[in-house]
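Let chain A serve as the given structure and place chains B and C on it in line with the hints.
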Amino acid sequence: MTGGAATLLQSNDTVLLPERIADLTGLGELGVAGELTAAFLGAFIVANLMLATTGVAGPWAKRKITAAFTDRIAVNHLGPAGIFVIVADSVRLLSKENIIPENADRPAYDLAPIIIASSALLGFAVIPMGSGVHLADPEVGLAYVFAVAGIASIGLVMAGYASGNKYSMLGGLRAVAQNIAYEIPLVVTGMSVVLFAGSLRMSEIVAVQNETVLFTIPGLEWAVPAWFALVNPFAFVLFLIANFAEVGRNPFDMPEAPAELIAGYQTEYSSVYFVLVYLGEFLHIFLGGAIIATIFLGGPAGPGPAEIGIVWFLLKIWAVFLLTQWLRSAIPRVRIDHLIEIGWKGLLVLSFANLGLTAAIVGVVFA
Amino acid sequence: MSTGLEKEAETSVDEIAELIGERAIARDDHLNAPGFVINPADVQDVLFDLRDVAGYDHCSCVTAQQYADRYETIYHLTKYGNRTDEVSIVVPTTLEEPVSQSGEPVYRTADWHEREAYDLIGIEYEDHPDLRRILLPETWQGHPLAGDYDQTKPQLVTLAEHANPLQADHHDTESETMFLNIGPHHPATHGVLHVKTVLDGETVVDVDPDIGYLHRCEEQMCQQGTYRHQIMPYPDRWDYVSSGLLNEWAYARAIEDMADIEVPEYAQIIRTFSAELCRIASHMLALGTFALDVYGEFTATFQYTFRDREVVQDILEDLTGQRMMFNYFRVGGVAWDLPEPREEFFAKTRDFLDELPAKVEEYNDLITTNEIFQLRCVDTGILEPDVAKQYGCTGPVARGSGVDYDLRRDDPYGYYPNLEWDVVTEDGYDNYSRVLVRMQEVEESAKIIQQCLELLEEWPEDDREIQANVPRTLKPDTDAEIYRAVEAAKGELGIYMRSDGTDKPARFKIRSPCFSNLQALGEMTEGEYIPDLVASLGSLDIVLGEVDR
Amino acid sequence: MSQDPKQSIQESATPSTDTRDARMGAGVDDRFNSKLREAFGASPFILTKFDEFMNWVRGNSMFMLQFGIACCSIEMIHTYAIKHDLDRFGAGVPRASPRQADVMIVPGTIVSKFGPRMKRVYDQMPEPKFVVGMGSCTISGGPFQEGYNVVKGAEEIIPVDIHVPGCPPRPEALVYGVLKLQERIRHGESSPVVVKPYELERFGDLEKDELVQKLASEIDEDDLVMRYNWADSP
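Residue numbers (the working numbering), protein chains in the order written: chain A, 1 to 367; chain B, 1001 to 1549; chain C, 2001 to 2234.
Chain A with its partners taken away, still in its complex shape (with noise of 0.2 Å):
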């Protein structure tokens, strides 16, 4: 679907990988039909290869990682350093009875795992990966990431009501307070960098980073790559922050609460479906951390030709994973109240200082 939607979207600089499996299989000789195979394939690679990240986070380095975190060792039975765990792991909760409540509102009880874990998906159309890995480079990409990431908050009250159980309702309640609080910080303070950039186009925001700038102290001069984090970190750390109550990670897992709400929103799921809801968060985690390091840190940028563009970028969005992981182990949750507050007086307040503030920047300097 989005990669239908990708031919017909394309920049004319960048070459995505919709047309280069087209050009490689011989496929765009085929027309219509074939272009749409082609971008079905694309798809199906790009949607693969962040399952599989998700695959390997969830049950194994998530695990690992609180682990190192707490003096212990965690999976190290199966094969080496427990990495089988994820076969074991993933098979065995597919395998499991998937259980209905007899009160659960049927339909909405079935979609909201399916439109949690697929809105994360939609949003990797449009990153550039690097190495060529990038499905579509539609002008509004930026808005279009921030719109189907925004629709998982959809999933989480859906799946949040349809439960009918009271803590999934209260998780449910939280997410779309929680997620309406920090959308409009989260979207003002990626504005900024639009307007640095002076496009929406992910492409675009990439391309714009990747020249440098030089740094002048006395003394010493430095040379560094036009990341936005770099160029603009007040910017960077408001998104930051505004992005992790968006996937709703520590300190603000508010939606799901462990201590306080049992598994909040998800608290009925089970099987296929609690599958489902928990790719969906690691997808959006990593969606959360692809958006960064493709609007902050430059993209798949790195030292090396750009062919390994894919490493980089990996390597970004693991190390805004692990960053997840370390507040997780650290970091007290934020109170409820606290949260909504520190969304609407502090955040919000901010991320339209940092707009106008870069805004004026903008304008004074490159007019």
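In case anyone wonders, no lab produced these hints; they're calculated from the structure.
The model shown is predicted, which means the values in this text are computed figures rather than measured ones.
Treat the hints with care, since some could be wrong.
Stated by the list, open to error - Pairs of lysine to aspartate or glutamate, EDC-like flavour, derived with a Cα cap of 20 Å:
1. C/2214 <-> B/1150
2. C/2083 <-> B/1355
3. B/1153 <-> C/2232
4. B/1447 <-> B/1422
5. A/345 <-> B/1371
Leaving out everything else, chains B and C in the frame of chain A:
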């Protein structure tokens, strides 16, 4: 010994007798306190006088029991300012009409105590705001600690369904509140507590702790055991978070005072030493689980406290042979001397003490100085000192509310009077204060252990007497009654025992600190948010084994 | 006033064994049976290999129910925590929701009031599910067996796969118990239920004996109840 407060003036027996005057129908002195028998209709009257005129502001315990010819309720009163000034008010009622006036309007803490008396013995209390069963299921038949109870009769236990939040019956259109069951299986209840909560959005409107999911008949078990050996294993299982020795001491102290047994000095030092180790282990767990409640998952702080507990448990295991259920104290002493080689044991304990300051520092870095943590804990779960006293709160909960009350100092026992240490109090009245109190108490305990260690090291080898002479079968005098308490990890752990001349107690009543502390939960949390409810519950540091007994 | 246990048993009710019968069924343990096996009837080669794989999967990865009852739960936490680290064996992820758990460690004394709730939590777990009984109380009631309110062992209410004795068992013992459970699952074994007199029933379905009639005004017909009979358990 800590300098502490000036003790409040002691009220002499004559003064009390004068105060009660005609209302006293007889005297029934207990080994620990003078006892006055009064009529069931005079309860509130007398208690009000004792509280307001004579200053008995602490209703430590309410004991109920059945004799062959009557029921009896005993109010064990004392003063927060002077713990050794005690008085017992005995209220007999007939078997045919076991109705007595409630003491609840005078002491809020009597609420649950009287409910328990109603539940287990069958005495009814007039004027009680909410007299229903507390430990046993609502549908239970009979009162198990009453004389004529038949344990072999079948019972029915109901299970009410957790209804859909959107169903009409739980959504009151006028108040727009939601009823929520927290527990008995919930990650934040520290066991099997059930908190019936009414929410208005995220705000807690009303909480009603429902206990009894771990009522293991501890009192019945102790009544079936002989004084000499069979009771001692049970205290370990009341407050089971490794504070076993502190609990054993409660029983040991009660029986030793009852049977007039003098414990050798060397054994007292070992007791003090090991009991304080238990306190550290227990406070570590309290800290860890509180961090769990505030942080949300099995995080670093939680894991670190368990790492440190392992060290304490290792030392205690070397000493007693068990990690948790020590059964190490004996009536009149302890089971055995320190393990050989002693130097190794001392070195191990010293290592632990040497590392402790660094660890406490680490906890301060991780928890108490964290801004989010302070945001969560400062000024939440407020428990004013007057309210704390009304609910009979003791231990770190009371000391976190600025009530300077510690039995180790106020009602000295063991080797505490000869050692240098301080009672820690904090004036924040909030969750944060309670955490600080526990963390500082760990340091104070370390001080005590350090001093005991030095004493033990230098103790002459030929004078290591660990056990007093105790008859093989202990039979205290008929109708001897005693109520004795010690400072356990959670507060004042008291034991009431009545002897009927046999080798088993006729009535064994446990005054659990958690039971009283938990009562105050409503006062602390109403009007606050769900996360604060969870945090306050964590800061009370309840152990359900001790609440339910 | 002491409550000496009665030597003779009165008013004994016949144990109801619905769960046991449903659970044991015919043939191999139901928990391992797949729809495919039912369709094929016997066990063709491919299914046998598949079963082996599934047993390997289930035996090597389990989410534990975050479930604390009494004393043993403290040792259970120690088993999860730094020194003993149960997660080494792929069995250390605690889930607070029973819907996402595979193994329930029952750590402590079960009393009459908690019995129905524990049964409910067990029922909420998805199949295949396993139970490790931790400590003497889950075997027989342990030191509290003679208490008027104590259920004499977890097996009275739910089926238990592995019993870990001790009061409480050391963390090492619990690790051993979990490993034994994993071993059994890998071999496709699980225990049948031996004793099980306590069931959740609709109040209206109960036999109208003296007790039921007495309580008829207090309990709604549709409410679930569990019979507790101290004298009737072994």
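Here's how the hints hold up against the structure:
no. : hint              : verdict
1   : C/2214 <-> B/1150 : 17 Å, holds
2   : C/2083 <-> B/1355 : 17 Å, holds
3   : B/1153 <-> C/2232 : 9 Å, holds
4   : B/1447 <-> B/1422 : 9 Å, holds
5   : A/345 <-> B/1371  : 18 Å, holds
Hint violations for this structure: none, all hints satisfied.
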